[in-house]
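Chain residues, written in single-letter form:
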Amino acid sequence: MDPAAGPGGPISFIVATWNISGPGSFNGLLAADTRMTASEPTDRECADLSRKGDHGAFSRLVRRYQDRTYRFILRMVGSHDEAIELTQDTFIKAWQALPEWRPEAEFRTWLFRIASNAATDSLRRRKLVQFVPLEEDYDVPAETPGPEAQLRVKQQLRALESALARLPHEQREVVLLRDVEDMSYAEIGATLRINEGTVKSRLARAREALLAHRKRENA
Amino acid sequence: MKHEQQPDCPRTEQLSALVDEELAREPREDIANHAASCPLCGAMLRDLTEQRSLLHSLAGTRAGVDLAPRIEQRLARRPAPRRKAPDGAWWRGWRLAPAGLAAASVLVTGIYSGALLTAGSAIASRPAAMAAFDAVPPGGICVGIPSCYSRGR
Numbered sequence: 758m759d760p761a762a763g764p765g766g767p768i769s770f771i772v773a774t775w776n777i778s779g780p781g782s783f784n785g786l787l788a789a790d791t792r793m794t795a796s797e798p799t800d801r802e803c804a805d806l807s808r809k810g811d812h813g814a815f816s817r818l819v820r821r822y823q824d825r826t827y828r829f830i831l832r833m834v835g836s837h838d839e840a841i842e843l844t845q846d847t848f849i850k851a852w853q854a855l856p857e858w859r860p861e862a863e864f865r866t867w868l869f870r871i872a873s874n875a876a877t878d879s880l881r882r883r884k885l886v887q888f889v890p891l892e893e894d895y896d897v898p899a900e901t902p903g904p905e906a907q908l909r910v911k912q913q914l915r916a917l918e919s920a921l922a923r924l925p926h927e928q929r930e931v932v933l934l935r936d937v938e939d940m941s942y943a944e945i946g947a948t949l950r951i952n953e954g955t956v957k958s959r960l961a962r963a964r965e966a967l968l969a970h971r972k973r974e975n976a
Numbered sequence: 007m008k009h010e011q012q013p014d015c016p017r018t019e020q021l022s023a024l025v026d027e028e029l030a031r032e033p034r035e036d037i038a039n040h041a042a043s044c045p046l047c048g049a050m051l052r053d054l055t056e057q058r059s060l061l062h063s064l065a066g067t068r069a070g071v072d073l074a075p076r077i078e079q080r081l082a083r084r085p086a087p088r089r090k091a092p093d094g095a096w097w098r099g100w101r102l103a104p105a106g107l108a109a110a111s112v113l114v115t116g117i118y119s120g121a122l123l124t125a126g127s128a129i130a131s132r133p134a135a136m137a138a139f140d141a142v143p144p145g146g147i148c149v150g151i152p153s154c155y156s157r158g159r
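As given, the protein sequences belong to chains A and B, one line each in that order. One gets our numbering by counting positions in the first sequence from 1 and adding 757 to each. One gets our numbering by counting positions in the second sequence from 1 and adding 6 to each.
Source of the hints: derived by calculation from the structure; they are not laboratory data. Keep in mind that this is a model prediction, so the values were computed, not measured. Note that the Cβ used here is the ideal one computed from N, Cα and C, for glycine as well. One should not assume that every hint holds.
[Stated by the list, open to error] A few chain A positions that, by computed beta-carbon distances, are all more than 10 Å from chain B:
| id | residue |
| --- | --- |
| 1 | E802 |
| 2 | E927 |
| 3 | Q928 |
[Claimed, not checked] Cross-link-like lysine to aspartate or glutamate pairs, in silico, EDC-like; alpha carbons within 16 Å at most:
| id | chain 1 | residue 1 | chain 2 | residue 2 |
| --- | --- | --- | --- | --- |
| 4 | A | K809 | A | E857 |
| 5 | A | K850 | B | E78 |
| 6 | A | K972 | B | D53 |
| 7 | A | K850 | A | D878 |
| 8 | A | K972 | A | E918 |
| 9 | A | K911 | A | E974 |
All chains, please: the whole structure from these sequences, using the hints.
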């Protein structure tokens, strides 16, 4: 479901037609982002080649995951420069640890575990959490009609970023992995090495807190 | 009109899992049916769904730079990744055994010598605050010779 707004009216998101079996699913949205053509090698193939020292195959993995890794780290540490640095470090660590990677493990969850550790270490080192700088421009869904509605969506996204930055980092990372990176509970559990029950409860607490922050900001 | 939470209202955790389609069929249908008739849970479900939709809009953030050349440059200075050889790893530890034994013997000798030096000098080793309870009065020089003291005579 994409955000949509009525012309001239308050921003509203179409959830009235919410259905437990269909339109509530976001799986198709990210699938478009991760889909590969038949000729492209899979993550596993690239990782296998990389393990043998193939820099080209590893660069392919970097290009495939650099934006996702960057945006996850950015929202964890709150600084563009640091996120760029930590994203590079994540891939360097992944390269070094590739011999330990087991082919039965999903490359994406394995990479995000390294990214999560890098972000957590960085936060621990400085012992404070900076707020994510508000972005100058957001990609408002193309179907959002009119400049006023687009402006409102941008304001909502800024408020959301701000509220997100106020969450404890353990809660923030589950929200990012679920709602931005579209990972399943099982994948999040594998990434953060926690069980699915913990993912479920932590995510619910995070979402509740996020709603409360947003309501407070709107008030 | 303010709606009160009912005893059969599901927890937020259940509503959150419903949004994610991470519930088994039976509880999923029960909770969805409940939310359809309960204004409080229905509103919460809408809020959670709307928030998830909004959060998904953040997936458009890009690094704005291709990191692959930078990473490749850094990797070029490093050797190819190698699995840590499990065979012989224990033996590498044993190669340090002579140095470890030497360090341990120096440590033991040091502790023993220190103990010899301090043995018997009870006065010097006791903290000043304990001097009032000492058998030897402060400033006294006799250690353990009964004739030095009057014993109340």
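Hint check results:
1. Every CB of chain B lies more than 10 Å from the CB of A:E802, the least distance being 17 Å, so the non-interface label holds.
2. Under the 10 Å C-beta cut-off, the non-interface status given to A:E927 relative to chain B holds; the minimum distance is some 16 Å.
3. Consistency note on A:Q928: stated as away from chain B, and its beta-carbon is indeed over 10 Å from all of that chain's, at 12 Å minimum.
4. Between A:K809 and A:E857 the CA atoms are separated by roughly 12 Å; this keeps the pair inside 16 Å, and the hint holds.
5. In summary, the hint linking A:K850 to B:E78 is supported, as the alpha carbons are separated by about 13 Å, within the 16 Å threshold.
6. Proposed proximity of A:K972 and B:D53 is supported: the alpha carbons are some 11 Å apart, at most 16 Å.
7. Of the pairs offered as hints, the one joining A:K850 and A:D878 holds, with about 14 Å between alpha carbons and a cut-off of 16 Å not exceeded.
8. Proximity of A:K972 to A:E918 is assessed by CA-CA distance (about 13 Å); at most 16 Å being required, the pair is judged to hold.
9. Of the pairs offered as hints, the one joining A:K911 and A:E974 holds, with about 15 Å between alpha carbons and a cut-off of 16 Å not exceeded.
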